[in-house]
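Here is how the chains run, residue by residue.
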Amino acid sequence: MGEKYVVRLGQDVYQVEIGEAGGGIFRVFIEGKEHTVRMEQVSAPSLFLLEVDSRPLEAFVEGRAGGYEITIGFHRYALLVRDVARGRPPPLVEREDWQQVGEGEWLVVSPMSGVVVEIRAGKGQVIQQGDVLMVIESMKMNNELRAKFGGAVREVYVEVGQRVEVGQALLRLG
Amino acid sequence: MGEKYVVRLGQDVYQVEIGEAGGGIFRVFIEGKEHTVRMEQVSAPSLFLLEVDSRPLEAFVEGRAGGYEITIGFHRYALLVRDVARGRPPPLVEREDWQQVGEGEWLVVSPMSGVVVEIRAGKGQVIQQGDVLMVIESMKMNNELRAKFGGAVREVYVEVGQRVEVGQALLRLG
Amino acid sequence: MFRKVLVANRGEIALRVVRACRELGIRSVAIYSEADRNALHVRHADEAYLVGPSPARESYLNIPRIIELARRAGADAIHPGYGFLSENPDFAQACEEAGIAFIGPPPSIIRSMGNKLRARQVMKEAGIPVVPGSLHMEHSLEEEAKRIGFPIMLKAVAGGGGKGMRTVFRPEELPAAVEMARREAASAFGDEALYLEKFLEPVRHLEVQLIADAYGNVVALGERECSIQRRHQKMIEEAPSTALDERQRMELMALASRAAKVIGYQNVGTLEFLVDGDGHFYFLEMNTRLQVEHPVTEAVTGTDLVMDQILVAAKERLPYSQEDIRITGWAIECRIAAEDPFNVFLPSTGTVLRLDLPGGPGVRVDSAIYEGMEVTHHYDSLLAKLVCWGRHRKEAIARMRRALREFKVVGISTNIPFHLQVMEDPHFVAGRVDTSYLERKRPVRISVEEEEEAAVILAALLAREARVRPLAFPLPTSRWRLRAQRFGYGLWEPWRWARST
Amino acid sequence: MFRKVLVANRGEIALRVVRACRELGIRSVAIYSEADRNALHVRHADEAYLVGPSPARESYLNIPRIIELARRAGADAIHPGYGFLSENPDFAQACEEAGIAFIGPPPSIIRSMGNKLRARQVMKEAGIPVVPGSLHMEHSLEEEAKRIGFPIMLKAVAGGGGKGMRTVFRPEELPAAVEMARREAASAFGDEALYLEKFLEPVRHLEVQLIADAYGNVVALGERECSIQRRHQKMIEEAPSTALDERQRMELMALASRAAKVIGYQNVGTLEFLVDGDGHFYFLEMNTRLQVEHPVTEAVTGTDLVMDQILVAAKERLPYSQEDIRITGWAIECRIAAEDPFNVFLPSTGTVLRLDLPGGPGVRVDSAIYEGMEVTHHYDSLLAKLVCWGRHRKEAIARMRRALREFKVVGISTNIPFHLQVMEDPHFVAGRVDTSYLERKRPVRISVEEEEEAAVILAALLAREARVRPLAFPLPTSRWRLRAQRFGYGLWEPWRWARST
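Protein chains in written order, with the working numbering: chain E, 163 to 336; chain G, 163 to 336; chain L, 1118 to 1618; chain S, 1118 to 1618.
With the rest of the complex left out, here is chain E (with noise of 0.2 Å):
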């Protein structure tokens, strides 16, 4: 009856049948499950209200490539998005702190917007998991970054003192 669509969250693919019930009401068929749906948009662009079987839930809505960024209660869920003609949406690429750059090779980048206060890390030095490597000041306080994994520092690319975005390469270890 309906028009289906493939979501992926996470790891898991969705199948989402759509039918319309008419006055913004729909039947929604998902994991063997019918439910009647009421999707309305409170502003524009990004807040609407959702009623799945008579519960209301508020969901803010952001894009993102192939898909979106639904933020329901305190959890905020990547999906991606495809119409069922189109075949599954490929796997969810999340940004790691930790980027496998070749074998045993780890970039490691901000997780955080900050100041570099310290390096403990220098080039060539070898260090062990759970080392600090270096401390970074974001919000009055020090994060201490520690290594996921230990290897050789191949490469620093901040000095102290220096202000780091989120996802900005710090070192390069292997």
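Bear in mind the hints are in silico, worked out from the structure with no lab data behind them.
Careful: at least some of the hints might be erroneous.
As the list claims (entries may be wrong) - In silico DSBU-like links for lysine-lysine, alpha-carbon gap of 35 Å or less: (1) S:Lys1511 - S:Lys1432; (2) E:Lys302 - S:Lys1525; (3) G:Lys302 - L:Lys1263.
What the hints assert, rightly or not - Going by beta-carbon spacing under 7 Å, a handful of chain L positions derived as facing chain G: (4) Pro1170; (5) Ser1171; (6) Val1239; (7) Ala1243; (8) Arg1471; (9) Gln1538; (10) Val1561; (11) Val1565; (12) Ile1574; (13) Ala1577.
Even for Gly, the Cβ is constructed at its ideal location relative to N, Cα and C.
Here the structure of chain E is known, so what remains is to put chains G, L and S in place on it, guided by the hints.
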């Protein structure tokens, strides 16, 4: 030194000269006086912070043809703006509830949305200034529309029970 | 205790009840009309159901439909809020018959107090002084009027809320006034019966908040000053009242408690009184429900009337007695309504484009307004209640001024600037108010030169900016509002109000 | 009374002071750094001046610049708020020398209480029990530690706010801990001096609010329970405390009042105590300024500490005495901070895309957050304080749960969901808290199946809708936050905190 603009507010026309002082600060000449003005956009696109000679004011901006509607404090100002090279802005055209449509002829439009619950001025009837023409219900209140000018009712465009919107024609007198 | 409560109302009071339920651990069920699809009370509730089309008689007044929804949701109680069905004995009866608790007094009490003439008789018999006037309508209205003496107030027997009411100053005005009042009463209540009261002025409108459980415990929670009314609609309330000293307060509270005991009252209720210049009290009417202005009582007594009325409706005992009640400090409520004070309080509909609510110490906001909200013509104009508490009246007023300036609404007109003018009025500040206060105190459109100049400067700056990076602004929603300016700020009043039916 | 007050602070406390000034009829002057150009405290003030670049030492800590602005604006008093320069005696001194009133105690008192070792001596001499430990640092830290016995707390003499502090459990850990604490202390306070206290556990952290005028009147306003701390930073406070009975409360308040009188205290101040399992009090330190958590005291005493501290700074008499103070009901404060509880409380920067603040009865919000706000790394992570009052602790907790659910922030992470988990924790509900509470109570990322399913459904509906009328949504700001999920919700903690300098 700066760029010149002509701004119309109601019946008044102001010449405003703007010079940039850097860092979001402007030197503004108006009515023979100089002001130091800081303008910041607080949220996109409508809310601004304006600091005139160190006095902070919030301003909410809406667009309108040839200018802006700006709400500051409890008031909403309708303004037309032109680059001085293009001359004075035209007079403001405001919607009137009583619109002159000919010599001694008036089109009466609704100043509110609501439902017509009573019509006391029938076609052909001669009414006096102050007479009740019709009653419109809005927000659980019956609002009596009174004649701003007297005359004969030429046409009644609405009927009892009908929903009317702001600006909708109600009747014609003359 | 109840497990699930259906809230048979909308707006700020529906949200107020939903919040109380959440704090009590009770699931709440909202109902909404087409116009309220996105309403705050819906978004805050645990469950929500469409009750019907936008007109109230097809939605919030539709008794069978509401009972059906309560059954479907499995609600074991219904809270009626105020207005709508809150004083409708048939609704309370229907709830009872459906096996659903009605959070309010028993139908018989609603019925007897709903008949305003009957209520006067009951109170009179209980020894409560009533406003001079009719007790039985055995004679014609003309004869009664002659007996009572002009000026008189014509009132609907089934009345309430200012409907079917007319003040008559001279005998020759009576027939026309009777006809209009009868028509209004018939259409509002389906009952054209009228009665007469002496028109008293200057008087103050005071009321006593009561709460009673099912075991005969009655507590009076002090008085509220409600004299500031526009066309019999309250606009500003406070607690306590500057009209009473401690002895009079005790006397009035005792009077009200006695009345409640005589009639076997249960749940929350309010006795309204007129107080004349000599400090005499006259019973006016009883409201057998929660009042709009209940938060000022909560602020000075530390009670929670909505929680407590749910408790007593669930047959629990009142958790406090009269001796526990202390009046602490002073509280004022301003009713924030969608109307244009600078254009003869014309109702204002439109879209709320910007909203900032006040905060900080001593400020309570009970609001149903949100950014993106469509304010429609279907329901009354109340958007929010702003309640400020202070250690004394002066502090409460200062705080209210501060909070009113912080309360920002763009897209529709509100009466906020007029509230501020009242808070700055020396008569109000001195506590010299009576029911004719708003006839004398008119809104004045004050243009602030600094703000006008700032608007001109900003327009020029924006035009300059626009050449670099054009911004898309929302379109104005109700441009016609500026009309008031040209009509001389209220000198020309083409609109007159009457409570609609 | 002052005519114009400059507020030498930012964020919610600057707004709090601006509001108090407005209610007192005093003009307020805001200062702002580059990062705070659009801040709420600026928009609420009567005047505003740029104080300097974003880093605090170039703006909110720049004494000469602030004094210069106060002079330029013609301010006759300066309110320091908390943090920044509020406990800097040189700043108080500079104000005095510039002929501007400092709203706080005299510089000499700030100085003597700012030296934590000196403060211990003063209190000990006044007969107030202090935490066992050093009083004079005549011996080496090693010898002192041996004398006191492990575990011990290393503390900075010039300390405060958890900086330069280390718990040491074994003698062999001492040298390294001393070195780190010295380095932190030197960089934070320009003074590497340390002293030792016995490390007590389990203990509660309680404090007594005081206010004193220039005429020797001292009033104690009850205690606050502040045991819920993360890395020596308070997160949740309440008044009163479940640790004390009425007799102990009186004893503690009398103790604090006595201390204040001995040192000739003026203005608002707080005495912090540790309370052990046997109900013994130990003086910890004195804060010679307004505290973040002052609203819980205001809520249960009905006072207004900011108004009142301005009054006493203007040499007016305290408008109440100790006998007037009653503790009514219960109040809880949750500090709402920009940090991700599900990712080891990592600070969260970004743009606030959506904001909804809670309202209704018993809820107070002191907030500096607004839609469109850029939360930067420059200042501490406190965004707002949510304070809920109830007639008893259970009601206050129920209300806090309700209000936390209503508090909606999108665009940055906040600790709101963790606050809710604390409010639902049986240990907290039973009042069983001590300073180690947050070491045991960890945030748990609970996925709500209903919400997940709703998100999936909404995504599909939006995709379908998009084919008809595409909507432009804002771009996400901090996608990396989802990282926490894959790291097992706090099992892997690559980040450790220390109070930065």
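(message) For each hint given before, does the structure comply? Return the numbers of the non-compliant ones in rising order.
(response) As far as the earlier hints go, 1, 4, 5, 6, 7, 9, 10 are violated by this structure, in ascending order.
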